[in-house]
Amino acid sequence: MAPRLPLSAIIGILDVLRRVFDWIVLVSNAVASGWIFILMLLITLDITLRFVFNSPLSGVTEIVEISIVTILYLQLAHTLKVGRITRSDALYGRVLIKWPPIGNILGILFHLAGVGLMVAIVIGGWPKWLQAYHGGHFVGNTGVFTFPEWPQRLALVVGCTLLGIQFFLAIVDNIRGLFGRAPLEHEEAVDVEVAAIEETER
Amino acid sequence: GEETINLTAISGYPPPATWVGSLVDAYMPAVDAALAKTGNYKINWNKGISGQIVKPRGELEGVETGIGDLGVIVTAFHADKVPLYDVSFKTPFTSDDIALISRTTQKMVDTFPQYNQTWLNEFNQVPLAPTGAVDNYMLWSAKPISDLGQVKGLKVGAAGPNLPWVLAIGAAGVQTNLADAYNSLSTGIYEAMIVWRQGAGAFKLCEPAPFAFDATLGGVNGFSLNVNRDVWDSLPEEVQKALQASTSAWVEENVKRVNGGAKWGLARCEKEFGTKVTKASTAQRNAWAKALPPLGKQWAEQRNKAGQPGTEILKAWMDEMRANNQPIARQWDRE
Amino acid sequence: MTGFEIGIISIIAMLLLIYIGMHVPVVLALISFVGVWIIKGNVKIAISLLWISAAKTVADFLFGVIPLFVLMGLLVSTAGMGRDTYDIAQNALRRVRGGLGMATVIANAIFAAITGVSIASATVFTRISVPEMLRYGYKGRFAVGTVAGSSVLGMLIPPSILLIIFALIAEESVGDLFIAGIGPGVLLTFCFCVLIAIMAYGFPGVVAEPGALDQHMDQKKMPSGELFAKTYPIVILVLVVLGGIYAGLYTPTEAGAAGAFVAFLFALMRKQITPRKLWDVLVETGHITATLLFLIIAASMYSRMLGISGLPTELGNVIGEMNASFAQLMILYVVILIILGTIIDSVSIMLIAVPLFLVVLAPFNIDLVWFGVVTVIAVEIGLLTPPLGLAVYVIKSTLVQKDISLADIFIGAAPFALVMLFVLILVMIFPEIPLALVDLKRSFR
Ligand code: NA
Ligand code: NA
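Protein chains in written order, with this note's numbering: chain E, 1 to 202; chain U, 1 to 335; chain B, 1 to 445.
One chain only, chain E, in its complex shape:
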């Protein structure tokens, strides 16, 4: 029989994993945010070159198309983490305060739906990125500008995986909540909402 790891060691490992995950989410958010600025500069440069020197950059159209998808999927997990994915939290926030068990069970169901959908998208997207990679698929036009298609397909898979994990962490928090423990994540929007409700009801 293998020696059993003490519980504290398991929690320690999970904690490290979680910190690594937080760091990945932060970095991918930073990359995407910086990318938006570069995109702005690139298009401005294209306009300038076309107007002043009569020689447009080729491929800007394609780069923009690729960038939109990539930026989106690199941002999503962090956007959820800071509580910015659209939701109507008035009722949910109130239930969380007044009947925490019901609120947390609702939360588990909501976030479980998020995990499930992300799993579905990753299942659908995995073969498609491989297909694009092995098939040598590209965007753009031969003889003008081409760029491989697989990076944006992979970004979708990676982004949805991160978002799925982020939803999963929200479930963990709801479970902690069921046992009266404080959340590890900060769902900012709900937090503020909750604070506001506490304020008015005091």
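The set of hints was computed from the structure by calculation and includes no laboratory data. Cβ atoms here follow ideal geometry from the backbone N, Cα and C, with glycine treated the same way. Keep in mind that the hints are not guaranteed to be accurate.
List of simulated lysine-lysine pairs, DSS-like, C-alpha gap at most 25 Å [said to hold, decoys possible]:
| id | chain 1 | residue 1 | chain 2 | residue 2 |
| --- | --- | --- | --- | --- |
| 1 | U | Lys-297 | U | Lys-315 |
| 2 | U | Lys-107 | U | Lys-276 |
| 3 | U | Lys-276 | U | Lys-152 |
| 4 | B | Lys-40 | B | Lys-56 |
| 5 | U | Lys-143 | U | Lys-256 |
| 6 | U | Lys-305 | U | Lys-107 |
| 7 | B | Lys-402 | E | Lys-98 |
| 8 | U | Lys-143 | B | Lys-40 |
| 9 | B | Lys-40 | U | Lys-241 |
| 10 | U | Lys-279 | U | Lys-256 |
| 11 | B | Lys-271 | B | Lys-230 |
| 12 | B | Lys-40 | U | Lys-42 |
| 13 | U | Lys-279 | U | Lys-290 |
| 14 | U | Lys-271 | B | Lys-271 |
| 15 | U | Lys-263 | U | Lys-276 |
| 16 | U | Lys-42 | U | Lys-297 |
| 17 | B | Lys-40 | U | Lys-276 |
| 18 | U | Lys-241 | U | Lys-256 |
In silico contact screen, one side only, chain E against chain B (beta carbon under 10 Å); selected entries [unchecked claim]:
| id | residue |
| --- | --- |
| 19 | Asp-46 |
| 20 | Ser-58 |
| 21 | Glu-65 |
| 22 | Ser-67 |
| 23 | Gln-75 |
| 24 | Leu-76 |
| 25 | Ile-85 |
| 26 | Ser-88 |
| 27 | Leu-106 |
| 28 | Gly-107 |
| 29 | Leu-117 |
| 30 | Pro-151 |
| 31 | Arg-181 |
| 32 | Leu-184 |
Residues from chain E shown here face chain U by an in silico Cβ test under 7 Å; the list is partial [unchecked claim]:
| id | residue |
| --- | --- |
| 33 | Phe-51 |
| 34 | Pro-101 |
| 35 | His-134 |
| 36 | His-137 |
| 37 | Val-144 |
Chains U and B with the ligands: place on chain E using the hints.
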């Protein structure tokens, strides 16, 4: 008794697009009529067109994944996935007979099994028939063009696959699409554009660009009507036959609409915006064709490298064009 | 199950899930997933629907406008220019009751000449106008409602993404449609101001705390030096964006980048931006972009699911068999657009409904430019109506004041949606409103 089969047809484009209009107005009734003869089956069509189910360019993957049961794939957009259909783009100045272009593409599909294999094995769909997209591209401009030299340094808008045609004669090519064209031409983002007559008329591009220079650049094949492979395998043989046989109605109607649209587009431009078409002289046309890189040869070599019969397809294509006495300005397969 | 049944059941499920607090994009995706699974009896196709929407919906140059216009909006507000636009309008209206609300409307109308998407207007003015109105004692509900309502001007006054998309579907000239948007845009601006006046004088309790409304009336007229200093950057930005489009330097899509760049330069010039601040702006742009695109993708999943259910085809058949008069058909059309507007996004509505009705209306020889403007106004009402009101969601996600709920914004926006309906009816009865300028332009030929 009669069995009802639900089929969802998909396209990102609305009915004014010739290949969608002819699908709804000619193909579906033809299939219905064929099946009505025996009365064994009836199709309940769901017209998932106009981007209801897939956006433009999304048709290939829509049929592949089964979101749509059948659909019109714009092969012109998928040079990376089905490059064999691209041969017409790589052989400009060859033919402006869109019926012939459609027929010849069908002939290529029938002769070279690689066409079907790609669809079946890589994209999980069964191709029923291809058809043409454009009868004849022209150069539409704000100022009259009567000489190739005038194109040098001119900002010319063109869709990606057409871009090499104008770059070769010294234009500053701007990659564009029909959505931006009117605005871009009106404001001078570009001063001319490569477009066909129906497009020029429908989008009133001849308002900002009333002069057309016609060097018989020629037309292209653009579409393939495909059925999802799993759906195809599940259909009764009689229905398969009806779907296959009715494609001629689709192709004929599409060709008719493209040609009618060209006539209509030019008439509208002439009447409303005083469009003048300048026909290029044979010498001018030959000079333009000669200025292009060996597009056909380059394409064939690339296909050969990928293990496909590029050289053979190019030759078969040009042979067919020669056999039909087309106005060929450059023998793309003999370079 | 028929398409109609699936449509109705899915709407009920959507309302319920959104109301109890599930993330809105998750609700839409979940319903679409389950819906397709049931219709097709095949989970693989349901998975494919999710993937294809996720991969393909926004992979288009057109969607580049979202991050770029959002970035421009945030840089404009960082540089203090949005606030300046607002100050000018506000100062001019300082003696008018409800002047701050009207200033929001007018500043929005001016900003509309720069942006092609209402979401950008909503973002910018949520940051600029809402805090200002709250500072003067206006009610939160009124403040966000005004921003939501006036943001629709962004896609009526050219440039406009919706008019471009209509032009594509109907094969009409984008130029004519743009010009046709001006008349109704100005009329709507005017009607919004009248609405605010009526509310401020007739129902002041709805607008602000007692006594707050007249606070800014003793404000001094802005000195001309200050007026100039605040005006010229905006004029330059409008010139860069609109002038750039019309002078032929770039497409409306590229204008977003150029405008953002100029706003960035102004922010630098005014020493309003530090590397840290720029970073915050970029991260904020990223969050707003991700929120919106995620919503748009999820809404697209839903409308694709409806397409697979056959609802649009059934609708087309029913209308085709009705044998209705022109007026009846137009009313039916607008009603359908408004109903669809409650649950799906503007672009999808147009893609579903416009081709359908173009066929039905073909015998009546209608002016497609007028038809386009009617369509866009009707579709834009949907930006303000629950459960899926994109403008409202944008405001909610941009809002710093988290105590203003989604419901507050919807309620605040309701009077504005009604005024839009009023203007829509006017435009339907008097086609000259959009067409007068178009005819003028056509007469110069
Ligand atoms: Na606008
Ligand atoms: Na709505």
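**OP:** Double-check Glu-65(E) for me: the hint is only fine if its C-beta lies closer than 10 Å to a C-beta in chain B.
**Re:** Result: holds, 5 Å to nearest chain B Cβ.
Original post:
CA of Lys-279(U) to CA of Lys-290(U), is that 25 Å or under?
Top reply: The hint holds at about 18 Å.
Original post:
Does the structure keep Lys-40(B) and Lys-42(U) at a Cα separation of 25 Å or less?
Top reply: Given that 25 Å is the threshold and the Cα spacing comes to 19 Å, the pair holds.
Original post:
Holds or violated: Lys-40(B) with Lys-56(B), Cα cutoff 25 Å?
Top reply: 21 Å, holds
Original post:
Is Lys-107(U) close enough to Lys-276(U), meaning Cα to Cα at most 25 Å?
Top reply: Violated - the C-alpha atoms of Lys-276(U) and Lys-107(U) are around 37 Å apart, more than 25 Å.
Original post:
Can the restraint linking Lys-297(U) and Lys-315(U) be considered satisfied, given a maximum Cα separation of 25 Å?
Top reply: 10 Å, holds
**OP:** Verify the proposed pairing of Lys-241(U) with Lys-256(U), using a straight-line Cα cut of 25 Å.
**Re:** Distance ~24 Å between Lys-241(U) and Lys-256(U) Cα, so the pair holds.
**OP:** Verify the interface restraint on Leu-76(E): the C-beta must sit less than 10 Å from at least one C-beta of chain B.
**Re:** 5 Å, holds
**OP:** So, Ser-88(E) near chain B? Judge it on the closest CB pair being under 10 Å.
**Re:** 4 Å, holds
Subject >> Val-144(E) as an interface hint toward chain U, with CB separation required under 7 Å >> reply: 5 Å, holds
Subject >> Hinted pair Lys-271(B) and Lys-230(B), Cα distance within 25 Å >> reply: 15 Å, holds
Original post:
Against chain B, with CB atoms and a cut of 10 Å, does the hint on Leu-117(E) hold up?
Top reply: 5 Å, holds
Checked against the numbered hints listed earlier, the structure breaks hints 2, 5, 8, 14, 16, 17, 20, 30, 31, 32, 33, 34 and 35; every other hint is satisfied.
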